[in-house]
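K.L.:
Working from the sequences, and respecting the hints, build out all of it.
There are 2 protein chains.
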Amino acid sequence: MAKDTKPRRPRAETPKGFRDYFGADVTERKAMLDRIAAVYHRYGFDPLETSAVETLDALGKYLPDVDRPNAGVFGWQEEDGDWVALRYDLTAPLARVAAQYRNELPTPYRRYAMGPVWRNEKPGPGRFRQFYQCDADTVGAASVAADGEICAMLADALEAVGIERGDYIVRVNNRKVLDGVLDAVAATGLNKGERLLEKPSMANVLRYTAEDSDLRDDVLRTIDKFDKVGEVGVRELLGRGRLDASGAFIDGLGLASEQIEPIVAFLTSKGATNTDTLANLRSAVRGSQTGEEGVDELGLLAAQLAAQGYGPDRIVIDPSVVRGLGYYTGPVFEAELTFEILDEKGRPRQFGSVAGGGRYDGLVERFTGQKMPATGVSIGVDRLLAALRAKGRAGQTMQGPVIVTVMDRDRMADYQAMVGELRAAGVRAEVYLGNPKNFGNQLKYADRRGSPVAVIQGGDEAARDVVQIKDLVLGAKIAESASLEEWKSQPAQFEAPRAELVAQVKRLLARNGD
Amino acid sequence: MAKDTKPRRPRAETPKGFRDYFGADVTERKAMLDRIAAVYHRYGFDPLETSAVETLDALGKYLPDVDRPNAGVFGWQEEDGDWVALRYDLTAPLARVAAQYRNELPTPYRRYAMGPVWRNEKPGPGRFRQFYQCDADTVGAASVAADGEICAMLADALEAVGIERGDYIVRVNNRKVLDGVLDAVAATGLNKGERLLEKPSMANVLRYTAEDSDLRDDVLRTIDKFDKVGEVGVRELLGRGRLDASGAFIDGLGLASEQIEPIVAFLTSKGATNTDTLANLRSAVRGSQTGEEGVDELGLLAAQLAAQGYGPDRIVIDPSVVRGLGYYTGPVFEAELTFEILDEKGRPRQFGSVAGGGRYDGLVERFTGQKMPATGVSIGVDRLLAALRAKGRAGQTMQGPVIVTVMDRDRMADYQAMVGELRAAGVRAEVYLGNPKNFGNQLKYADRRGSPVAVIQGGDEAARDVVQIKDLVLGAKIAESASLEEWKSQPAQFEAPRAELVAQVKRLLARNGD
Numbered sequence: 008m009a010k011d012t013k014p015r016r017p018r019a020e021t022p023k024g025f026r027d028y029f030g031a032d033v034t035e036r037k038a039m040l041d042r043i044a045a046v047y048h049r050y051g052f053d054p055l056e057t058s059a060v061e062t063l064d065a066l067g068k069y070l071p072d073v074d075r076p077n078a079g080v081f082g083w084q085e086e087d088g089d090w091v092a093l094r095y096d097l098t099a100p101l102a103r104v105a106a107q108y109r110n111e112l113p114t115p116y117r118r119y120a121m122g123p124v125w126r127n128e129k130p131g132p133g134r135f136r137q138f139y140q141c142d143a144d145t146v147g148a149a150s151v152a153a154d155g156e157i158c159a160m161l162a163d164a165l166e167a168v169g170i171e172r173g174d175y176i177v178r179v180n181n182r183k184v185l186d187g188v189l190d191a192v193a194a195t196g197l198n199k200g201e202r203l204l205e206k207p208s209m210a211n212v213l214r215y216t217a218e219d220s221d222l223r224d225d226v227l228r229t230i231d232k233f234d235k236v237g238e239v240g241v242r243e244l245l246g247r248g249r250l251d252a253s254g255a256f257i258d259g260l261g262l263a264s265e266q267i268e269p270i271v272a273f274l275t276s277k278g279a280t281n282t283d284t285l286a287n288l289r290s291a292v293r294g295s296q297t298g299e300e301g302v303d304e305l306g307l308l309a310a311q312l313a314a315q316g317y318g319p320d321r322i323v324i325d326p327s328v329v330r331g332l333g334y335y336t337g338p339v340f341e342a343e344l345t346f347e348i349l350d351e352k353g354r355p356r357q358f359g360s361v362a363g364g365g366r367y368d369g370l371v372e373r374f375t376g377q378k379m380p381a382t383g384v385s386i387g388v389d390r391l392l393a394a395l396r397a398k399g400r401a402g403q404t405m406q407g408p409v410i411v412t413v414m415d416r417d418r419m420a421d422y423q424a425m426v427g428e429l430r431a432a433g434v435r436a437e438v439y440l441g442n443p444k445n446f447g448n449q450l451k452y453a454d455r456r457g458s459p460v461a462v463i464q465g466g467d468e469a470a471r472d473v474v475q476i477k478d479l480v481l482g483a484k485i486a487e488s489a490s491l492e493e494w495k496s497q498p499a500q501f502e503a504p505r506a507e508l509v510a511q512v513k514r515l516l517a518r519n520g521d
Numbered sequence: 008m009a010k011d012t013k014p015r016r017p018r019a020e021t022p023k024g025f026r027d028y029f030g031a032d033v034t035e036r037k038a039m040l041d042r043i044a045a046v047y048h049r050y051g052f053d054p055l056e057t058s059a060v061e062t063l064d065a066l067g068k069y070l071p072d073v074d075r076p077n078a079g080v081f082g083w084q085e086e087d088g089d090w091v092a093l094r095y096d097l098t099a100p101l102a103r104v105a106a107q108y109r110n111e112l113p114t115p116y117r118r119y120a121m122g123p124v125w126r127n128e129k130p131g132p133g134r135f136r137q138f139y140q141c142d143a144d145t146v147g148a149a150s151v152a153a154d155g156e157i158c159a160m161l162a163d164a165l166e167a168v169g170i171e172r173g174d175y176i177v178r179v180n181n182r183k184v185l186d187g188v189l190d191a192v193a194a195t196g197l198n199k200g201e202r203l204l205e206k207p208s209m210a211n212v213l214r215y216t217a218e219d220s221d222l223r224d225d226v227l228r229t230i231d232k233f234d235k236v237g238e239v240g241v242r243e244l245l246g247r248g249r250l251d252a253s254g255a256f257i258d259g260l261g262l263a264s265e266q267i268e269p270i271v272a273f274l275t276s277k278g279a280t281n282t283d284t285l286a287n288l289r290s291a292v293r294g295s296q297t298g299e300e301g302v303d304e305l306g307l308l309a310a311q312l313a314a315q316g317y318g319p320d321r322i323v324i325d326p327s328v329v330r331g332l333g334y335y336t337g338p339v340f341e342a343e344l345t346f347e348i349l350d351e352k353g354r355p356r357q358f359g360s361v362a363g364g365g366r367y368d369g370l371v372e373r374f375t376g377q378k379m380p381a382t383g384v385s386i387g388v389d390r391l392l393a394a395l396r397a398k399g400r401a402g403q404t405m406q407g408p409v410i411v412t413v414m415d416r417d418r419m420a421d422y423q424a425m426v427g428e429l430r431a432a433g434v435r436a437e438v439y440l441g442n443p444k445n446f447g448n449q450l451k452y453a454d455r456r457g458s459p460v461a462v463i464q465g466g467d468e469a470a471r472d473v474v475q476i477k478d479l480v481l482g483a484k485i486a487e488s489a490s491l492e493e494w495k496s497q498p499a500q501f502e503a504p505r506a507e508l509v510a511q512v513k514r515l516l517a518r519n520g521d
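Sequences listed follow chains A and B, in order. Reading the first sequence from the start, the letters are residues 8 to 521 in my numbering. Reading the second sequence from the start, the letters are residues 8 to 521 in my numbering.
Hints are not guaranteed to be accurate.
No copy labels: a pair is met if it fits in one copy or bridges any two.
Simulated crosslink set (SDA-like; lysine to any residue; CA at most 20 Å straight-line) [as the list claims (entries may be wrong)]:
(1) Lys37 x Pro123
(2) Lys444 x Ala149
(3) Lys451 x Glu111
(4) Lys378 x Asn442
(5) Lys513 x Val236
Everything labelled a hint here was simulated from the structure, so no lab data went into it.
P.N.:
Put into structure tokens, the structure is as follows:
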């Protein structure tokens, strides 16, 4: 490579589809995750942190015959020829860990994990290629009690971060019930419907982003749209197809109406109470052993949860919950926020889903060949944080530091002593480190930082051993609106003995509600 | 791609050079980082979290004429042809952000960042390709006060995580002093020494991992080995070369002894006090304006720090601190832990460096073409955590949950109610979710989890509305060593009314020091 004598300037740009988080964006997310982690901890879950990189083999992507795989993941080839990639979720690494350390880990193994995941998708507005997930899973517990625990913990976690009871609902379904319905449909043997007899194969389990998933998966995905397109929409999409809002025609799956109706009946079988719903479901799956097992599990789950105080006001059976992923094998659940927010066009709409999960008894078996039941939940961190902001539970601006201004460059040590004393008293404080020449710039800086207080000591004040203390919060209020009376009774700037600096600043901060 | 009818099993393996962190590994690191973040916050630093991915352009790696760049970074080519890579440190992303958002960010901009970075190095024992860094930097402040603030904050951070005063020292030097010495050496114009006249070019600034760095960088790297190889070793490495401990011959830089001696004199110019050291340095750089500037800066830095109470027992001038990176332009510093630990062979040795940093006034300019001073520190998270463990300040096993055992599968709701009550009282608790058939397995599980207490309620106890409470901590002690007397006075298992479950468990936990 030839050396440039004068290198061109690189562009300072966040790579496409990625983003930078500043200040409160970071601390608010962290505070939220800390609260969730405390709930997980109380439930006996242990943290696990795997690296960002996994072998492509473990992630379960199958290489196409091209140079590098780029369907959904960021991957590259190692010197030794192995392919590795950034994880696209936290479940695949858990399955790998559960298999790899199966002799060391306790059984059941309850773990939580929080961290970024990466998806190699076309960047678009609001679509990011790195985002946070926050998962909790139990590996090695086959009973419905494990699923129920996850649901209860999810409800507790939502309340812990500030979503009030009544503002969320955890909706629960069971994939076996749906399988039972589809078995019944498949038994009709009509058209493409016969393909429904195929069980999802392990090879398909992780290929849920690929195009060639089978019809059963197509049906799952279609049902998953119930929330958006409603009963009529689902009926059209299962059958001939549908003209969507934009005028585009979406091909349907081509099922016959004898096949469609039981599916729609199942989807709409939610009754006024869990008992009603269970009765509806039982008749929908009649004759399918799998289906009846699923209904039994749902009944037991609801009963156990109700006994623990998680009634249908918080966790409810809802047959329209499907969860698109092909790998679920039993209970599936979804947490939805039920309050309304305004969309981009100012129209009210429900906030919607912030978490989901379910039982996936096949993922660990993929590695070991041995059955290993597992169940878990993933919280969409960015969405939940957005919800908290919408409810005013986050998003307060971070308290800026007290700014000690620099009037006299040669007395930097004096100013440093002031911030040192303030910090020792637990007050966030800094000395102005820019060019101190222009005092206006120092105050502009304090404003930009959201500083509550500025401290000023020129030569004159130093000689008299005093400081000027400027209440920037009050100052801003006065500038905005206050009458002359208020200004007089509460001066925004006052002089105090140097020895009283810390006490006076703390008094001001307390008054301003810091 | 042909479909496998029966997919082969993937290996469950952590990719080479990466690792998985379990339980206390995660929580201890988090606790340490939280304490450090609290110090950074108090100093007015704001968090910044950039994504893991940066454009290769911004990272400053220059592409060789091959398929993909792999010198030190994990990179890949995007669909649109751009190359991107995982960040290898937290400084390069900061430089990019400081340039990109220069109109929005306050000046100076104080930020901290914590997170993983990635290095594409050959994996080896103890060498990992993903590790944590924890940085704090100030961009836009040219004065020595900014460097001093970083040093003071570093000392505070070390104390905040549990490194006691006296167990660490922050050693400070100034790259300009060294430049002054090298100027003087270069003025001799001998041999390869004339190359020392070249200033590090911006193109070299980020190529510090590459082979073709200039002699000045080679000298820096050699001096950096002073700690390891001592004065004689450095003299050899600057000259003809050196036979290392393993018997291998390491080529020297080929400097003449007239060039070597001033460098060694500089290296060993640390006096009994800062004042002595400054006097020694001043004579070592005589005639070099850059060198004298450096000595002045060191003097001011030490004076300001001393005025804030950070005397030479905590922060000291030490000319042997060099910091290998070519991009430093002014003060450089390094935090060393001074207590001894035992190495792998049981020999005592000093723990060594856990953090380092300095002033790098050229990194942001690389993007903007405009001067933008910056200074900062990076803490080696894994090393500092290892130090805390060595001092017994971390590494306590995490308190396991209270285990409610399952004697009767049909009464799962009862057991769930018990853990629910315990959790509501703030007690970490879980119900056993494995197969309950073998009670011994339940107790083995409790043992594996480090559970302090097990709760047992069979049908008989349920009928009498009582529970058995088993003190597993005491039980373990009795099994180990206790006499019969102790056993009698403090039974490791007792019966309590069901209504007293929470109170009794809390009493036990309090006794066991939870």
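K.L.:
Could you work out which earlier hints the structure fails to respect and list their numbers in ascending sequence?
P.N.:
Hint 5 contradicted; others consistent.
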